[in-house]
Each structure stands twice: as structure tokens, then as C-alpha cells.
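Reading the sequence shown from the start, the letters are residues 1 to 167 in full-length UniProt numbering.
No lab work stands behind these hints, which were simulated from the structure alone. Being a predicted model, the structure only gives us computed values, none of them experimental. There are no misleading hints in this set.
Distance condition first, Cα-Cα at most 27 Å in a straight line; then the derived BS3-like pairs of lysine-lysine: (1) Lys108 with Lys164; (2) Lys102 with Lys164; (3) Lys159 with Lys44.
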Amino acid sequence: MNKKTDLEEENSLTKIVDDVSEGINDAGPVFSTEDYAESESNGKQAVRYLLWGLLSVVVNFGTFFILYRVLKANYQVANIVAWFLGVQVGFWVDRVIVFRHKSSTAFKEMLAFYGTRILTFLIESATLWVGISLMSANGAGTKVVGQILAIVGNYILSKFFIFKNRK
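Make the full structure from the sequences, and use the hints.
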């Protein structure tokens, strides 16, 4: 192997690891009294949203898989239960870790969070219906497409409507 090529690949990999580590490490001072949300870049929030959001995606997919594949539940029923559990996990992760939102109105925010998630849930459900019922596509693959659409919509709605820091 060429030593120059190996060094270039190592430097590229090191940069990627450093960028991801920065996003993860930014979640460290979550419970600090300082207000970071004002000065923080959108990119750092987006990285945290994607990395920490994987937790709610795992809950959603895991629940869907268990109910749909293992217990043979109807795909829409499995999706509703998976959605509810994923949204609950997502609310607390987004509020505390991603957007570092501090307020005394957590219940009100949770209602708004669920309201916006209903919209993206309907988009995901329509994607599942079109993919599975109309096109006879694979359930898991269709679920991935629906989740991608939901994740993009959820980030935009959370950032600009639910956890917007008001002065």
C-alpha cells in the first residue's frame, strides 16, 4: 500500500470522527445553568438531533418489528403503537438533549409536540399504505422511507415551533 494514500485516508477518517465526536460531546453540559441555545449553530443541533434521535427510531422500529413480524399484528396497529412510544422517547430527548429547552411548560410543549407528530405520522401512514397496500412493497423498506420523511418534518417542526427559544 502507498503510505501517502494511507495517511490521507487516516486524516479524512480522523476529521469525520472528530466532527461526530464534537456533536456527541456537545450534549455534555445539558443540565448546565448557562444558556447555550442562543449561540449554538444549527449544524450542532442537527447532528445531536440525528445522533440522539436514533434512540426514538430504534424504539419505533423495534416496536413495529415485534408487533408486525413477531406478533403478526396489523401493520397500521403496529405503526400506531410504535409511533406513540417513539414520540414519547423523542420528546424528552429533544427537549433535554437536542434543543436544551428550559421552561416550566413541559406538559403544554408535550401536547404541541404530539400535535406536530400527528402530522408526520399521517405522512408516514400514507407512505406505508401506498407502499404496502397499493404497491405490495416490503414492509420494512416502506417503513424506512416513511421514517425518513417523518424525521425531516419532525426536525423542522421541533426546531422552529415547539422548542423555539422565545425572548
